[in-house]
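Enquirer: So the chains spell out like this:
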Amino acid sequence: MHEMSLTESVVEILCEEGRRQGFARVKTVWLEIGTLSGVEPGAMEFCFDVVTRGTLAEGARLEIVRTPGQGWCLDCEKSVALVERFGACPECGGYKVQMTSGDEMRVKELEVE
Amino acid sequence: MDYGAGLAGVHVPGMSQERIVQIERDILSKNRSYAEENRGYFGRKGVLALNFVSSPGSGKTSLLVRAINDLKDKHAIAVIEGDQQTSNDAERIRATGAKAIQVNTGKGCHLDAHMVGHALETLDIADNSLLFVENVGNLVCPAAFDLGEAHKVVLLSTTEGEDKPAKYPDMFAAADLMLLNKSDLLPHLDFDVGACIAHALRVNPNLQTLIVSAKTGEGLAAFYAWVEARSNLARSDLARRKAEARKAG
Ligand SMILES: Nc1nc2c(ncn2[C@@H]2O[C@H](COP(=O)(O)OP(=O)(O)O)[C@@H](O)[C@H]2O)c(=O)[nH]1
Ligand SMILES: [Mg+2]
Ligand SMILES: [Zn+2]
Numbered sequence: 000m001h002e003m004s005l006t007e008s009v010v011e012i013l014c015e016e017g018r019r020q021g022f023a024r025v026k027t028v029w030l031e032i033g034t035l036s037g038v039e040p041g042a043m044e045f046c047f048d049v050v051t052r053g054t055l056a057e058g059a060r061l062e063i064v065r066t067p068g069q070g071w072c073l074d075c076e077k078s079v080a081l082v083e084r085f086g087a088c089p090e091c092g093g094y095k096v097q098m099t100s101g102d103e104m105r106v107k108e109l110e111v112e
Numbered sequence: 000m001d002y003g004a005g006l007a008g009v010h011v012p013g014m015s016q017e018r019i020v021q022i023e024r025d026i027l028s029k030n031r032s033y034a035e036e037n038r039g040y041f042g043r044k045g046v047l048a049l050n051f052v053s054s055p056g057s058g059k060t061s062l063l064v065r066a067i068n069d070l071k072d073k074h075a076i077a078v079i080e081g082d083q084q085t086s087n088d089a090e091r092i093r094a095t096g097a098k099a100i101q102v103n104t105g106k107g108c109h110l111d112a113h114m115v116g117h118a119l120e121t122l123d124i125a126d127n128s129l130l131f132v133e134n135v136g137n138l139v140c141p142a143a144f145d146l147g148e149a150h151k152v153v154l155l156s157t158t159e160g161e162d163k164p165a166k167y168p169d170m171f172a173a174a175d176l177m178l179l180n181k182s183d184l185l186p187h188l189d190f191d192v193g194a195c196i197a198h199a200l201r202v203n204p205n206l207q208t209l210i211v212s213a214k215t216g217e218g219l220a221a222f223y224a225w226v227e228a229r230s231n232l233a234r235s236d237l238a239r240r241k242a243e244a245r246k247a248g
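If you read the protein sequences in the order shown, they are chains H and Z.
Here the first sequence is numbered in numbering that gives the first Met the number 0, starting from 0 and rising by one per residue.
Here the second sequence is numbered in numbering that gives the first Met the number 0, starting from 0 and rising by one per residue.
Heads up, some of the hints might be wrong.
DSBU-like, lysine-lysine: derived pairs with alpha carbons at most 35 Å apart [stated by the list, open to error]: (1) Z/Lys246 / Z/Lys106; (2) Z/Lys44 / Z/Lys71; (3) Z/Lys98 / Z/Lys214; (4) H/Lys107 / Z/Lys241; (5) H/Lys95 / H/Lys107; (6) H/Lys95 / Z/Lys44; (7) Z/Lys166 / H/Lys107; (8) Z/Lys214 / Z/Lys241; (9) Z/Lys44 / Z/Lys241; (10) Z/Lys98 / Z/Lys71; (11) Z/Lys71 / Z/Lys214; (12) Z/Lys98 / H/Lys26; (13) Z/Lys166 / Z/Lys246; (14) H/Lys77 / Z/Lys241; (15) Z/Lys44 / Z/Lys73.
Which bits of chain Z does chain H cover? Going by a derived footprint, with three or more residues having C-beta under 8 Å, they are [to be verified]: (16) 19-30; (17) 95-108; (18) 167-178; (19) 188-200.
If you anchor each label on the Cβ, the simulated ranges turn out as follows [said to hold, decoys possible]: (20) Z/Glu243 / H/Lys26: 51 to 61 Å; (21) Z/Thr121 / H/Gln97: 20 to 30 Å; (22) H/Pro89 / Z/Leu232: 56 to 66 Å; (23) Z/Lys166 / H/Ala42: 12 to 22 Å; (24) H/Glu57 / Z/Pro186: 36 to 46 Å; (25) Z/Gly216 / H/Pro89: 23 to 33 Å; (26) H/Tyr94 / Z/Pro186: 38 to 48 Å; (27) H/Arg19 / Z/Asp123: 29 to 39 Å; (28) H/Lys26 / Z/Ala224: 25 to 35 Å; (29) Z/Thr121 / H/Phe45: 50 to 60 Å; (30) H/Ala42 / Z/Ala247: 50 to 60 Å; (31) Z/Gly116 / H/Glu57: 22 to 32 Å.
These are computed hints drawn from the structure, not numbers from a lab.
It should be emphasised that the depicted structure is a prediction, and the values quoted were computed from it without experimental measurement.
A virtual CB, placed ideally from N, CA and C, is assigned to each residue, including glycine.
The shape of chain H in the complex, shown without the other chains:
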């Protein structure tokens, strides 16, 4: 997928926050990446090492937290597990399921100095 440009956006966010919150170095980055987001964590880790070179996050540790897929089934009127985007409800087999989580791509928090 597009891990390279997503990682570039992460680094842009880090630089902006560094200016805003007054830190010069990032030691750890926690990302929340949903299992239905289509993002490959391994690829993101690889890109992160490359993209952070020469920035305030050079050498930082990347921690990726995965959130599981969930949806609301309109027919069952309850929350169900989703293993793929636009997948069927595991209980009734229907497709009236609205994804409620699993597509997150978020910078959660940082360890800085």
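Given the structure of chain H, go ahead and fit chain Z with the ligands onto it with the hints provided.
Expert: Chain Z with the ligands only, in chain H's frame:
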């Protein structure tokens, strides 16, 4: 939710200046703010911007060339061509007389709103015109990147599998119109149009579909009517804004 041992809980700041900062920022928020700038620009100029997406070879460039030739007497048209390497497609577009700019994404598998914003600086689009953006041939990545367009138009050709909307649901969910291209080949294939549309409607109940051929022109009148209606909307917004400005000033 449980973040395990990795998060703030275990960290002991001690004497150093180390600290934990909460960010909670969406990774795509940067792209989204660039996209909103582009959208504002289109709004101020009455431009209808369409983002064309498909697998490589579905016929985006062919369709654009034909559409430009058919519409250029009535509309000023500009094109942004996204491609990883070459500028062949921009040259095909320029042969029609339309303004075109090539954006090479290099390794990038999609256009993003920042690249489009840069392209707009050099393109100098006329008020009330049409902007066609041909995205990089890829049914996955461009779905996630809003460019500021009014609509995504997804092309699927009859030589591809009719289950593509099921395999690449995000793109079909993000689009407002699906053009089923290469209809001229249907007699020679066993492509099931009904099944294809059913797959697409399952992921996006609001998706409109038109069956077209960039080669023969079949079905394109309906596509042009779709464009016309939306261009009129963009233009009347601009006209209304100008009228309000005159009244106020
Ligand atoms: N038979 C047929 N061929 C088409 C049609 N549209 C495009 N093609 C052919 O499909 C190939 C790829 O077209 P192109 O416009 O470059 O696709 P793009 O990669 O999506 O821009 C070219 O050989 C075109 O001539 C069509 O409606 N019918
Ligand atoms: Mg092309
Ligand atoms: Zn259900």
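Enquirer: All hints are to be evaluated individually against the structure, with a verdict given for each.
Expert: Status of each hint after checking the structure:
1. Distance check on the hinted pair: Z/Lys246 and Z/Lys106 sit about 50 Å apart at the alpha-carbon level, beyond 35 Å; violated.
2. A C-alpha spacing of about 18 Å is found between Z/Lys44 and Z/Lys71, which places the hinted pair at or below 35 Å, so the restraint holds.
3. For the suggested pair Z/Lys98 and Z/Lys214, the alpha carbons sit about 22 Å apart, so the restraint of at most 35 Å is met.
4. In summary, the hint linking H/Lys107 to Z/Lys241 is not supported, as the alpha carbons are separated by about 43 Å, beyond the 35 Å threshold.
5. Taking the CA atoms of H/Lys95 and H/Lys107, the gap is near 31 Å; set against the 35 Å cutoff, the hint holds.
6. For the hint linking H/Lys95 to Z/Lys44, the alpha-carbon distance of about 39 Å lies beyond 35 Å, and the restraint is violated.
7. Of the supplied pair hints, the one linking Z/Lys166 and H/Lys107 holds, its CA atoms being roughly 30 Å apart against a limit of 35 Å.
8. At most 35 Å may separate the alpha-carbon atoms for a hinted pair to count; Z/Lys214 and Z/Lys241 exceed this at roughly 40 Å.
9. Using a Cα cut-off of 35 Å, the hinted pair Z/Lys44 and Z/Lys241 holds, with the two alpha carbons roughly 10 Å apart.
10. Under the criterion of a C-alpha separation no larger than 35 Å, the hint pairing Z/Lys98 with Z/Lys71 is consistent with the structure, at around 11 Å.
11. Under the criterion of a C-alpha separation no larger than 35 Å, the hint pairing Z/Lys71 with Z/Lys214 is consistent with the structure, at around 18 Å.
12. Distance check on the hinted pair: Z/Lys98 and H/Lys26 sit about 47 Å apart at the alpha-carbon level, beyond 35 Å; violated.
13. For the given pair, Z/Lys166 sits about 52 Å from Z/Lys246 by alpha-carbon distance, which is inconsistent with the 35 Å threshold.
14. Taken as a hint, the H/Lys77 and Z/Lys241 pair is broken in the structure, with Cα atoms around 49 Å apart against an allowance of 35 Å.
15. Restraint check: the Cα-Cα separation between Z/Lys44 and Z/Lys73 comes to about 17 Å, which is no more than 35 Å; the hinted pair holds.
16. Counting residues of the stretch 19-30 of chain Z whose CB lies closer than 8 Å to any CB of chain H gives 12, so the stated coverage by that chain holds, three being the minimum.
17. Proximity of the stretch 95-108 of chain Z to chain H, defined as three or more residues with a beta carbon under 8 Å from a beta carbon of that chain, is established by the 3 residues found.
18. Beta-carbon proximity to chain H at under 8 Å applies to 3 residues in the stretch 167-178 of chain Z; the threshold of 3 is reached and the given coverage holds.
19. Judged by the Cβ-Cβ criterion of 8 Å, the stretch 188-200 of chain Z is not covered by chain H as claimed, because only 0 of its residues qualify and three are needed.
20. Our hint of 51 to 61 Å for Z/Glu243 and H/Lys26 holds, since their Cβ atoms are close to 53 Å apart.
21. A C-beta distance of roughly 41 Å is found between Z/Thr121 and H/Gln97, which places it outside the suggested range of 20 to 30 Å.
22. Take H/Pro89 and Z/Leu232: their Cβ atoms lie about 42 Å apart, and the range 56 to 66 Å is violated.
23. Taking the beta carbon of each, Z/Lys166 and H/Ala42 are about 20 Å apart, inside 12 to 22 Å as hinted.
24. At roughly 59 Å, the beta-carbon separation of H/Glu57 and Z/Pro186 lies outside the given 36 to 46 Å, and the hint is violated.
25. A hinted range of 23 to 33 Å is violated for the C-beta pair Z/Gly216 and H/Pro89, which are about 46 Å apart.
26. Between H/Tyr94 and Z/Pro186, the C-beta spacing of about 32 Å breaks the proposed range 38 to 48 Å.
27. Judged by the Cβ atoms, the range 29 to 39 Å given for H/Arg19 and Z/Asp123 holds: they are separated by roughly 34 Å.
28. Judged by the Cβ atoms, the range 25 to 35 Å given for H/Lys26 and Z/Ala224 is violated: they are separated by roughly 58 Å.
29. At roughly 33 Å, the beta-carbon separation of Z/Thr121 and H/Phe45 lies outside the given 50 to 60 Å, and the hint is violated.
30. Taking the beta carbon of each, H/Ala42 and Z/Ala247 are about 52 Å apart, inside 50 to 60 Å as hinted.
31. For Z/Gly116 paired with H/Glu57, a C-beta distance near 28 Å keeps the hint of 22 to 32 Å intact.
Checked against the numbered hints above, the structure violates hints 1, 4, 6, 8, 12, 13, 14, 19, 21, 22, 24, 25, 26, 28 and 29; every other hint is satisfied.
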